[in-house]
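Participant: Each chain, letter by letter, is given below.
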Amino acid sequence: MTQAGRFGAYGGQFVPETLMTPLIELEKAYEEAKADPAFQKELDYYLKQYVGRETPLYFAERLTEKIGGAKIYLKREDLNHTGAHKINNALGQALLAIRMGKKRIVAETGAGQHGVATATACALLDLECIVYMGAEDVKRQSLNVFRMELLGAKVVGVDKGSATLKDAVNEALRHWVTNVEDTHYILGSALGPHPFPTIVRDFQRVIGDETRAQILEQENRLPDTVVACVGGGSNAIGMFYPFVEDSNVGLIGVEAAGSGVETGKHAAAITGGQKGVLHGAYMYLLQDENGFVQEAHSISAGLDYPATGPEHSYLADIGRAQYVAVTDAEALEGVKLLCATEGILPALESSHAIAYVSKLAATMDKEQIVVICLSGRGDKDVHTLIDALGGGKQ
Amino acid sequence: MEATEKRGFFGEFGGSQVPADLQKVLDILEEQFYHFKDDEEFNKELNYYFTEYVGRKSPLYFAENLTAKCGGAKIYLKREDLNHTGSHKINNVLGQILLAKRMGAKRVIAETGAGQHGVATATVCAMFGMDCTIYMGAEDTKRQALNVFRMELLGAKVVAVEKGQGRLKEAVDEAFADLVENYDHTFYLLGSAVGPHPFPSMVKHFQAVISKESKEQHLAKEGKLPTAVIACVGGGSNAIGSFADYIEDKEVRLIGVEPDKAASITEGRPGDLHGFRCIVLQDEEGNPLPTYSIAAGLDYPGVGPEHSYLHTIGRAEYVTVSNEEVLEAFQTLSKVEGIIPALESSHAVAHALRLAPTLSTDDSIIVNISGRGDKDVEQVFNMLK
Amino acid sequence: MTLQQAIEKVNADGGKAFVPYIMAGDGGLETLRDTVLRLQTLGVSAIEVGIPFTDPVADGPTIELAGERALQNGTNLRNVIATLQSFADEVTIPLVAMTYLNPVLAYGPNFAKDAYAAGIRGVIVPDMPYEERGIIHSDLQAAGVALVQLISLTSPAERIAKLAAGSEGFIYAVTVNGITGARADFADHLDAHFAKLKEASSLPVLAGFGISTPEQVQRFGGYSDGVIVGSKIVDSIANNDWGTIEELIQASKQLGVK
Chain R
1 MTQAGRFGAY GGQFVPETLM TPLIELEKAY EEAKADPAFQ KELDYYLKQY VGRETPLYFA
61 ERLTEKIGGA KIYLKREDLN HTGAHKINNA LGQALLAIRM GKKRIVAETG AGQHGVATAT
121 ACALLDLECI VYMGAEDVKR QSLNVFRMEL LGAKVVGVDK GSATLKDAVN EALRHWVTNV
181 EDTHYILGSA LGPHPFPTIV RDFQRVIGDE TRAQILEQEN RLPDTVVACV GGGSNAIGMF
241 YPFVEDSNVG LIGVEAAGSG VETGKHAAAI TGGQKGVLHG AYMYLLQDEN GFVQEAHSIS
301 AGLDYPATGP EHSYLADIGR AQYVAVTDAE ALEGVKLLCA TEGILPALES SHAIAYVSKL
361 AATMDKEQIV VICLSGRGDK DVHTLIDALG GGKQ
Chain S
1 MEATEKRGFF GEFGGSQVPA DLQKVLDILE EQFYHFKDDE EFNKELNYYF TEYVGRKSPL
61 YFAENLTAKC GGAKIYLKRE DLNHTGSHKI NNVLGQILLA KRMGAKRVIA ETGAGQHGVA
121 TATVCAMFGM DCTIYMGAED TKRQALNVFR MELLGAKVVA VEKGQGRLKE AVDEAFADLV
181 ENYDHTFYLL GSAVGPHPFP SMVKHFQAVI SKESKEQHLA KEGKLPTAVI ACVGGGSNAI
241 GSFADYIEDK EVRLIGVEPD KAASITEGRP GDLHGFRCIV LQDEEGNPLP TYSIAAGLDY
301 PGVGPEHSYL HTIGRAEYVT VSNEEVLEAF QTLSKVEGII PALESSHAVA HALRLAPTLS
361 TDDSIIVNIS GRGDKDVEQV FNMLK
Chain C
1 MTLQQAIEKV NADGGKAFVP YIMAGDGGLE TLRDTVLRLQ TLGVSAIEVG IPFTDPVADG
61 PTIELAGERA LQNGTNLRNV IATLQSFADE VTIPLVAMTY LNPVLAYGPN FAKDAYAAGI
121 RGVIVPDMPY EERGIIHSDL QAAGVALVQL ISLTSPAERI AKLAAGSEGF IYAVTVNGIT
181 GARADFADHL DAHFAKLKEA SSLPVLAGFG ISTPEQVQRF GGYSDGVIVG SKIVDSIANN
241 DWGTIEELIQ ASKQLGVK
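Chains as they are written, first to last, in the working numbering: chain R, 1 to 394; chain S, 1 to 385; chain C, 1 to 258.
What the hints contain is simulated information worked out from the structure, not anything from laboratory work.
Only a predicted model underlies this, so the values are computations on that prediction, with no experimental measurement involved.
Treat the hints with care, as some may be off.
[As the list claims (entries may be wrong)] Pulled a few chain C residues facing chain R out of the computed Cβ check, cut under 10 Å:
| no. | residue |
| --- | --- |
| 1 | N11 |
| 2 | F53 |
| 3 | N76 |
| 4 | S155 |
For each residue, glycine too, the CB sits at the ideal point set by N, CA and C.
The whole structure should be built from the sequences, with the hints applied where relevant.
Facilitator: Here it is as structure tokens:
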């Protein structure tokens with residue numbers, strides 16, 4: 001299999017025929033946009049003026065001291081408008097949709113982060129916006145639902161299947177199939193049929209591009225290791241991609257081990273899944289022996305997805321990137337550690353990367369450098385943290 | 001102006017009416033502040049953290065959709081909401097903690113109302129490994145349990161003050177009492193441009209980065225100064241920071257926006273509060289009147305001394321907006337620009353919505369978005385649903 | 001007889017093919033034999049046997065819910081094939097399996113062979129477009145199972161030509177943009193679309209997606225070689241409403257008479 005949109009054997013376009021022509025059109029429109037300096041200029045304008053890029057690459061001095069090994073840098077995607085890396089992709093794709101003459105955007109969301117980012121981009125660019133969200137998630141994240149509504153989006157609860165993220169993706173895909181002529185689907189992670197994994201990666205690579213330039217400026221050399229959390233894998237692929245050719249830079253994706261990979265209640269598709277097809281792509285997937293997709297489990301809603309994107313699947317197979325898994329409990333320790341040492345409340349997703357680095361950096365020496373992608377801020381997780389760690393003193 | 005500031009007076013306002021014990025502490029603080037504020041090493045370190053940690057400079061964003069909607073002056077948003085921890089508060093706490101470090105303090109204390117300043121203080125204390133105690137009215141700790149948790153997560157000790165009404169005022173009293181007792185190793189990190197000298201001057205100094213940046217950014221984009229700068233005013237720290245660099249530029253209108261039910265400047269008169277003189281919302285006997293604002297950060301019966309002065313001499317204008325206008329502005333900015341502003345900042349937006357259509361398209365105004373609205377989403381949800 | 005031959009035979013006799021879709025395991029796998037044989041007795045041309053899947057993105061609510069019920073009954077590709085095989089000698093019409101790709105991949109390399117042995121003469125994989133068919137196509141060819149291609153309204157002319165040429169068994173002409181399920185409205189000029197399909201290939205062209213009434217059976221049967229009815233059949237079987245099914249079949253038979 002050597003077709004377009006493949007990463008080795010992974011990726012592809014496993015979609016209903018109705019979507020093939022739109023996907024081919026999307027690919028063509030995207031290639032044209034990519035080659036058009038005016039498009040890039042407009043995107044850059046919004047990234048700088050609206051999102052607040054570039055984000056700092058911050059030397060975490062006290063975290064470094066505390067762990068007592070490699071120097072640790074944090075790529076501060078948490079400082080982006082709306083609080084995570086998601087906006088990079090949502091804005092890029094919304095601009096692409098306008099270029100393609102689409103009037104309406106459909107998107108899926110789990111806990112609501114990608115939904116909020118998409119609703120934000122749509123408010124800014126005056127596009128109609130419909131967000132599908134599992135009915136369970138609508139209940140658990142009513143404030144994010146309200147936030148999307150404030151931004152002018154229509155939020156539709158999905159009560160089918162497990163009523164979570166993967167079912168929201170199903171419903172968003174169905175909506176897109178039905179309204180494809182005037183609608184663009186903004187997929188939120190490095191998943192889905194070609195060209196989505198490539199588009200999302202390209203809009204997220206700004207993370208890695210900035211990091212590479214910043215570390216060269218600050219340290220005059222490349223880092224030894226770059227670490228990012230992996231659910232679908234958008235922040236990780238954005239961070240890794242510009243380093244892929246730098247073979248002396250280690251790339252580590254941290255998956256969510258939930259209660260532990262051995263318990264079966266996890267979301268670590270590369271670590272504990274098998275290859276299969278879901279939502280348009282061939283990739284590592286949590287499934288049973290019948291090929292039925294299994295529910296993912298993670299304390300972090302953003303990692304709570306049963307597959308890992310095709311490019312990560314490929315990087316894992318060829319050994320270019322290494323994938324490890326960190327449990328809910330370890331991730332919580334990661335939150336506490338970064339709060340206490342640096343005054344930064346990280347998203348539970350990003351805390352998986354922190355938790356792993358807290359072990360890894362200690363084994364490295366002081367001249368070595370580790371970069372963590374701090375993909376988002378943890379304000380959204382405070383309720384979850386209170387439930388998990390026990391609330392205040394009253 | 002410098003000479004007046006040194007004594008801590010802005011016209012008749014400001015000063016320091018505190019017990020002798022506390023005055024001694026404040027004298028040391030004043031001396032140290034003036035020593036370090038122009039110190040090259042100090043500013044280098046401050047700028048490092050502003051850039052690398054806070055994520056400055058914050059954009060001056062041309063709000064094209066909002067401008068089109070209003071149909072008048074160009075509207076620019078100064079994006080303090082993009083700062084680490086989500087508001088302008090971090091500018092001041094970073095400046096003060098660097099000062100505390102240089103003064104050899106081992107311990108930092110602060111007051112907080114709704115918790116924003118407490119969280120910002122706990123944040124920098126965590127980063128600099130400083131022992132941190134936050135005084136908070138017992139009532140407020142109950143209403144703001146999430147922020148209490150957040151401060152504790154950041155390693156701070158939160159003390160619930162049971163005295164009186166268990167609100168911000170009692171928390172301030174308790175913090176000053178602590179300072180008097182422990183001043184040899186404790187730094188009081190005050191959150192707004194209020195309190196006895198040198199706090200108002202110090203807070204202004206560290207918040208002035210807002211207007212320094214916005215002036216430079218506006219000049220680069222428009223080749224001239226803005227017609228007006230608009231900011232919300234409670235104690236007045238974001239407003240004084242937004243105004244600071246324009247005060248000498250008389251052609252720039254400076255507009256502070258107060259909540260109509262906590263309109264200290266618009267409806268108050270000179271009086272004394274928390275150890276300094278300012279315009280206070282008060283009854284005939286001089287007792288501070290109860291205030292009500294949907295924005296916790298603006299719910300204060302006094303206002304910084306420099307705002308009191310700017311008002312008196314007519315250099316800045318102060319206007320009020322109603323809760324309805326604020327909620328409307330909150331929703332408008334969310335919908336047309338995809339930016340959910342803090343309810344505090346929504347006051348400034350509300351006035352911009354009134355002002356911009358009355359100006360020409362050659363005019364431009366800067367609205368300070370002092371913070372993001374994530375913290376307010378639940379409250380607005382309950383109000384609108 | 002191959003799938004193509006079976007449908008061509010119906011057409012050669014002056015009739016239009018009628019292919020009902022059923023969800024295997026809805027109501028329990030033990031009902032599958034009765035359902036298949038009863039439809040066969042009613043004179044359908046072939047039967048599309050749906051395999052339930054956890055994430056059926058091409059399906060509308062009716063089939064999705066039937067799939068959820070089937071999954072709850074423990075249905076999977078493996079036990080559907082085994083069940084079909086158990087009464088394969090009683091089935092004289094071709095069966096067409098409609099399955100998402102992942103269960104096929106999980107089944108492994110014996111899928112095509114086992115499917116053939118169970119009476120399956122065609123496979124429709126709604127999430128495997130023409131370009132991706134290499135992943136299972138050669139196994140199917142070797143076993144003698146046709147890989148039916150769906151062609152949508154959004155496909156441009158050159159793509160239609162490619163898909164039509166590459167299809168096997170018949171051409172599955174999707175009549176709407178969207179998912180399976182009953183519809184009141186269809187686009188105009190569908191007749192022209194079907195004419196294009198007929199021109200592009202010598203295979204029979206069957207219309208499917210959204211057809212739920214005798215009138216629609218007649219309309220689409222009018223410009224195609226037959227119709228596939230899904231959601232309406234699934235609903236009727238679940239409600240034990242065989243009268244409705246007979247009316248639909250009758251509507252297709254009247255077409256032939258005309």
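Participant: Now tell me if each hint is right for this structure.
Facilitator: Hint-by-hint comparison with the structure:
1. N11: violated, 24 Å
2. F53: Interface hint status for F53 (chain C): holds (7 Å vs cutoff 10 Å).
3. N76: holds, 4 Å
4. S155: holds, 6 Å
In this structure, the one hint that does not hold is number 1.
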